[in-house]
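S.K.: Protein chains in written order, with the numbering used here: chain V, 1 to 508; chain Y, 1 to 485.
Don't take each hint at face value.
Which stretches of chain Y does chain V cover? Using the computed rule of at least three CB atoms under 8 Å from a CB of chain V, they are [stated by the list, open to error]:
| hint | stretch |
| --- | --- |
| 1 | 267-277 |
| 2 | 322-336 |
| 3 | 385-399 |
| 4 | 415-421 |
Derived by calculation from the structure, the hints in this document are not laboratory data. Predicted model only: the values in this text are computed from it and were never measured. Think of the CB as a built atom: it goes at the ideal place given N, C-alpha and C, for glycine as much as any other residue.
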Amino acid sequence: MPSDLSLTVIVFAPLVGAMIVLALPVRNDLHRFRVRTTTLFATAVPFLVAVFDLLGAVGNPGQGSIPQPAIDAPWLRGFFFQLDYHLGTDGLSLLLLVAATAIFPALVLASWRHRERYRTYFALLLLAEVGITGAFATQDLGMFIIFFWFPVVPLALLLALGDTPGSRSAARRLLVTQSLSAAALIAGTLLLLLRTGNTTLNFSTLSTVKAASGTPGLIVETLFLAAFLMRMGAFPFHRWFVDGVASASTPVGMLLAVSSLPVGGYALVRIALAMEPNGALQLTVPLLAIALITLFWGGLSARSAQNLRRIAAHFLVAVGGLVILGVATFSETSLSGALYLSFAYLFAAPLLLLVVGAICDRTLLSKILPLAGAAASAPRLRLFFMLAAASLTGIPLLVGFPGIFEIVVSGLAAHRVVTAFAVLGLLLLTAAWWRLGHRVFTANPDNAEVVAVADSTGSEFYSGWVLAAAAILFGIFAGYFMPYTVQGTALVSARVAAVAPAAHAQAK
Amino acid sequence: MNLTFLQDFGPIGILLLGAAVCAALDLRSFDSHGRGPQRTRWVVLASLLLAFVASIGFWHSSFGPTPPDIEHGSLVIDRFALFFYAITLAAAGAVVLCGADAESELDPHRGVFHLLLLMSCAGVLFTASATDLISMGAGLALAVLPMALAQGLHKSAAGSVRTAARALSVSGFSLVVFLLGIAILAGLAGTTTLRAIPLGLQHLGPLLVVGAILMILGVAAQFGLFPFLWWRAGLGSRLPTLPFLAATLLGSLAGTAALLRLLPGALGAAPSTWTLAVAVLAGITLVLAPCLAWRQRRLSLTVVYLLVAQLALVPATLPEVSQAGTATILYLLLCVIPLAAGLLGLLGSIAAQGEGSATSDLRGLWARSPVLAGALALLLAGLAGLPPLAGFFARLMTVDAALHAGLGWLAWLELVSAVISVLVVFRWLLTIFDARVDGPAIALPQRTTVIGVVLCTGAVLSFGLLLGPLFAIATRGALPPLIGP
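My request is simple: use the sequences and hints to build the entire structure.
M.R.: What follows is the structure, given as structure tokens:
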């Protein structure tokens, strides 16, 4: 297979899978099994191709700044802007793409016992994958907008069709927030084109045009930041995410997590920073403020909340604060830290939600008070929970550590006070995690009526192990992959550094 | 014997000939065991196909780039006209195919409807070719009035007859307003030839603004723009599906052709006289129509309001007087046709089976007819402008065109309209896919309708992917003087 087709296969194999799944009959168990296995196959193919690409890329150091492999074909010409079918991965996106493709087989395994609306459910899952992987694979801003929007309706439908209390209002909130996010992104893009006089939407071209100073750049950057912070679920746009995770079924909650922070964090670096560095520099203080508020708001809410799913959601919101801090530090190391933390989030967040969902589904309870000690007899779930939470709080040798370490170290050099507060927030988050783990997994049962949670078995067990193994492997071998990411972030930070004196003068 | 006349009016002549055959078959239908109406449908389709092939042939011949002068400069068959020929004929074909199930509403007047449809098509073609104010007025009347008459063919319901009478009155009134506008323009310019108008307009006074506003208001009724929004929706709720669909599509096409020839074409050098009026009307409609769609409990009405919101993007893009701006409008029309035909055809088919389009009727449609529900969902998604369907690109390009025209506020309104449309469609998707309700299965539409709907859904899916080639064709259709001075 020619290498330039591999990304097309990665992005569109799930779409073909969705069409096949919709055409399959579902009259008996055998038919349903075929639907599940077809979905699993449609998600496994992109993963295998992506791993092949990753191994090829990491074996060729020095290519992290150039999209590899690339396919670039004209799509729309003669309009005010040009659209291209342009796919390619570089240091900024390759790891995230691989992680996104790895998550979906785990999601299908987690959905193995799903019983309602077989075809619709699995087809929507596959459609969501097209949007998420496409966002990481494209090198064209026009296509990015399409992929950015693409998973929103499948996600909202998956959420709303869950028929759990509050799922419909959560789906509506998701749809409104993400529609506004897409509208802001489109408006920002069009203003960017007007400002630069450019017609091409190619990432590499837009990342080299002369950065605007003053109000035009500021408006574009504000729109971009609003779009991506909404997608990340950062404060004050976190409500859709928390409500969504709290009311979704376990696999749909995992999918929400996968589609939010990683895509938003990546877009912050790739688009908001690389294309409007001047505006980003002018907005450093608001960005830092949002980072701290998100971190503390999430940590305090996780500390005080009583609903298990909401605690997990607030916990994940708080991690977004660290990613924003990494982005607002603008250095090559901090940006690579932000991207690596997003990468870690792709494994750890679904794992955390898998465990929380398993406990809530089996006990039919969601408040932590009656759940005291309920999962004490489930060692595998306890291990998964610890791995996920420890990864997201930066415990060494796990996948979250390198990212958080780089963010904190480079943050201390650039914004000492803010980073000190961020470390405090991280401690708060760790305390929330410890409280939750102690209450559910190790405390003595308070409520004799609560049936002990059965341990993870079958498809859920395999799904958990896929994610847990990734969290450990990418933590231990982070040194092999991070240089590739740094090559990508070096270009962005160099662009920011080039306009920094002008921006400071502007601010004065 | 000079046969140039036959060649020049080839596509229009084919349509009028087809209309004559339809009339003859309809007259004979009473003594041919009722098979006349079936035959008229095939006569219409054959006429449309022949005219379509002739138009494509003209496009590839020297007609497009070097259009000959017809009837002393009152008509021209340039690439702009040929683009409209092709999409008008395709739209009429889509109406006939998708509306096959809904034809039963018109019994025993199917033949008359087919006749009127072909005449209306000929009117749109005439309007698209018009280079003179008088021929344009005549073309618009020929396009609009037959469809207004067709709306009265459903004789069984007293309410619909009253509505049809009102439709005829409003259409006639809007035509009069339009004619008044072009009369003022002709008086100020001292000529009725579009090409000579920019030279004849020495002073841009308030009377010219009044003339432009009257022309815009006259055409606004065809789009269902504010203040005709409620009237258009009322037609959609009370009239038979097929005439309403045909009137919406053909009226909009004729209106767009006229507006493009008049505003960026003849008045392209004086945009200040008409830009604000067009933008304000479009802006109000863009926000109001989706909001009204949100309030509806019947899908048919929701679709009508959303279609109006989509069509309002045409006048919203007019202020961008450039080749890309005009090409955007042409591409937008390409996207609207399959959406409107597919959606209203499907709803007509559901109605023909005795099912309503209220929320309670369509709840859980997915369980009762997955194919119908899937097609409906896809077309609704296209109407909302979800990527990567055709409607998304059309919306994106219109927003960009508004920004280029310096109308940032209009671009924002377009984005707001898109967001509200998405919410409206999402609510209906939830209703359609609701698993809590079950009911008797709904049969698939008849074969002709299925073919039409498959073609329309295919177009909605593929027009986004074929954006480049289609936009290139639209760009070739957007010729001077339609792109400003």
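S.K.: None of the hints should be skipped; say for each whether it holds.
M.R.: Results for each hint:
Residues of the stretch 267-277 of chain Y lying with their CB closer than 8 Å to a CB of chain V number 0, which falls below the three-residue condition for coverage. Evaluation of the coverage hint for the stretch 322-336 of chain Y: fulfilled, as 4 residues show C-beta separations to chain V shorter than 8 Å, against a requirement of three. Coverage of a stretch by a chain is defined here by at least three residues with a beta carbon nearer than 8 Å to that chain's beta carbons; for the stretch 385-399 of chain Y and chain V the count is 8, and the condition holds. For a cut-off of 8 Å, the count of residues in the stretch 415-421 of chain Y with a CB near a CB of chain V stands at 4, and the three-residue condition holds.
The structure shown violates just one earlier hint, number 1.
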